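Can you build the whole structure from these sequences, using the hints too?
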Amino acid sequence: MINRLALTLLAAQALFAAVNYSYDAAGRLTKIDYGAGVSITYSYDKAGNLLSRTTAAAAAGTPAVVGTQQPFGATTTQSFTFQYSHSSGAQNLSVLNVLINNFLDGRHACYLAYVVASSTLILVDDGGDAGGPYAGSVALGSPGTTIQNSQCGVNLVSAVGTGNAFSLGLNITFGAAFGGNKIQYMAARDATNNTGWQAMGVWQPPFTPGGTISITSLNQQRTAAAAGTSETLAFTLADTKTAADFGVIPVLISNFIDGRQACYLAYVASSNTLLLIDDAGDAAGPYAGTMPMTGGTVPISNSQCSVNPAGSSVAMSGNNLVLTLNITAKSGTAANRVVYVAGRDKLDGNNTDWQSLGTWTVQ
Numbered sequence: 000m001i002n003r004l005a006l007t008l009l010a011a012q013a014l015f016a017a018v019n020y021s022y023d024a025a026g027r028l029t030k031i032d033y034g035a036g037v038s039i040t041y042s043y044d045k046a047g048n049l050l051s052r053t054t055a056a057a058a059a060g061t062p063a064v065v066g067t068q069q070p071f072g073a074t075t076t077q078s079f080t081f082q083y084s085h086s087s088g089a090q091n092l093s094v095l096n097v098l099i100n101n102f103l104d105g106r107h108a109c110y111l112a113y114v115v116a117s118s119t120l121i122l123v124d125d126g127g128d129a130g131g132p133y134a135g136s137v138a139l140g141s142p143g144t145t146i147q148n149s150q151c152g153v154n155l156v157s158a159v160g161t162g163n164a165f166s167l168g169l170n171i172t173f174g175a176a177f178g179g180n181k182i183q184y185m186a187a188r189d190a191t192n193n194t195g196w197q198a199m200g201v202w203q204p205p206f207t208p209g210g211t212i213s214i215t216s217l218n219q220q221r222t223a224a225a226a227g228t229s230e231t232l233a234f235t236l237a238d239t240k241t242a243a244d245f246g247v248i249p250v251l252i253s254n255f256i257d258g259r260q261a262c263y264l265a266y267v268a269s270s271n272t273l274l275l276i277d278d279a280g281d282a283a284g285p286y287a288g289t290m291p292m293t294g295g296t297v298p299i300s301n302s303q304c305s306v307n308p309a310g311s312s313v314a315m316s317g318n319n320l321v322l323t324l325n326i327t328a329k330s331g332t333a334a335n336r337v338v339y340v341a342g343r344d345k346l347d348g349n350n351t352d353w354q355s356l357g358t359w360t361v362q
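Counted the way numbering that gives the first Met the number 0 counts, the sequence shown spans residues 0 to 362.
Mixed in with the good hints there might be a few duds.
[Stated by the list, open to error] FRET-style restraints, in silico, Cβ to Cβ:
hint, residue 1, residue 2, range
1, Ile39, Phe206, 46 to 56 Å
2, Asn350, Ser87, 43 to 53 Å
3, Ser87, Ala333, 18 to 28 Å
4, Pro285, Gly178, 37 to 47 Å
5, Ser270, Gly178, 33 to 43 Å
6, Thr231, Gly210, 24 to 34 Å
7, Thr76, Ser216, 17 to 27 Å
8, Gly310, Asp277, 19 to 29 Å
9, Pro285, Ala333, 25 to 35 Å
10, Asp352, Thr76, 23 to 33 Å
11, Ile31, Gly174, 37 to 47 Å
12, Ser51, Ser87, 19 to 29 Å
13, Ser141, Ala176, 23 to 33 Å
Calculated directly from the structure, the hints in this document are not laboratory data. In this text the structure is predicted, and so the values were computed from the model without any measurement. Glycine included, each C-beta is placed from N, C-alpha and C at the ideal position.
Okay, structure coming up:
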């Protein structure tokens, strides 16, 4: 699915970015303009013979995802501003993407592509295929027009490029069945380059958790810091049977739900111990380290992160458990990461599955 999602940028451009043809007075083709700085120009002699064929490539430089001005929240309706840039000028951007879902999956998602050349926003349908069919499209200048699928209704409010920067303003209303912990992914491309999908925020449309365990909150839903900087993350969970019913609380900081080459931890309540899975990512072990949550003095680490016992703790009160971890991202791990957490009870009868609570940009 990730590979299919990557095709959105190309598919949307092919379908919505018009190719313009120019002709001289004699009806001869003089230019093909593909947009985004890519064109072919033809010249002729007086007899009508082709003299030259000149190809203009896109300007040098690269597109970039800057971020979302609303990196976290918990409303049904929200005005979002998604920000992008291009090192050679915003006019070189071709397609801008937004995808909001539990995971990087276009199926049953709020999955959008803004095509700069045609000033058009498209919404992929519930099937999630980047090549279509689409749930709808709307041109810039029609803010009252809503396009929608089963997950969201969207209004295109603004699309403004200034210098190297480009801002895309969208009003989004999430469907009643689309509640839960979602991730805001963004991507951009020009004629030749693609940023790939970047996790830049989370969103929690209101919902009622199932089962006895729920993930309540994370103290830092948006973190951005240089590698080597310690961050204190406090996860709050609740169990309707009391906090003593908790069994294991896994935490995963990675691009995707993949324990390999990740900061992958598990708090085991029965032993009051924190486990750090090694780089291979197997939850059953081997482990990079084990740290008691009371009285520990030695940090644990793998290639992605380290956890310091100083500043780490577990607190239980009534139905609530707060797991606080002092985590440092290692150098060489710069990327936009998602902070996932899960909870299950001591009998493994209830499991929240992975929930996205925040994003961490390691610079």
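So, going through the hints one by one against the coordinates:
no.: 1; hint: Ile39 x Phe206: 46 to 56 Å; result: holds (52 Å)
no.: 2; hint: Asn350 x Ser87: 43 to 53 Å; result: holds (48 Å)
no.: 3; hint: Ser87 x Ala333: 18 to 28 Å; result: holds (23 Å)
no.: 4; hint: Pro285 x Gly178: 37 to 47 Å; result: holds (38 Å)
no.: 5; hint: Ser270 x Gly178: 33 to 43 Å; result: holds (35 Å)
no.: 6; hint: Thr231 x Gly210: 24 to 34 Å; result: holds (28 Å)
no.: 7; hint: Thr76 x Ser216: 17 to 27 Å; result: holds (21 Å)
no.: 8; hint: Gly310 x Asp277: 19 to 29 Å; result: holds (23 Å)
no.: 9; hint: Pro285 x Ala333: 25 to 35 Å; result: holds (27 Å)
no.: 10; hint: Asp352 x Thr76: 23 to 33 Å; result: holds (26 Å)
no.: 11; hint: Ile31 x Gly174: 37 to 47 Å; result: holds (42 Å)
no.: 12; hint: Ser51 x Ser87: 19 to 29 Å; result: holds (26 Å)
no.: 13; hint: Ser141 x Ala176: 23 to 33 Å; result: holds (27 Å)
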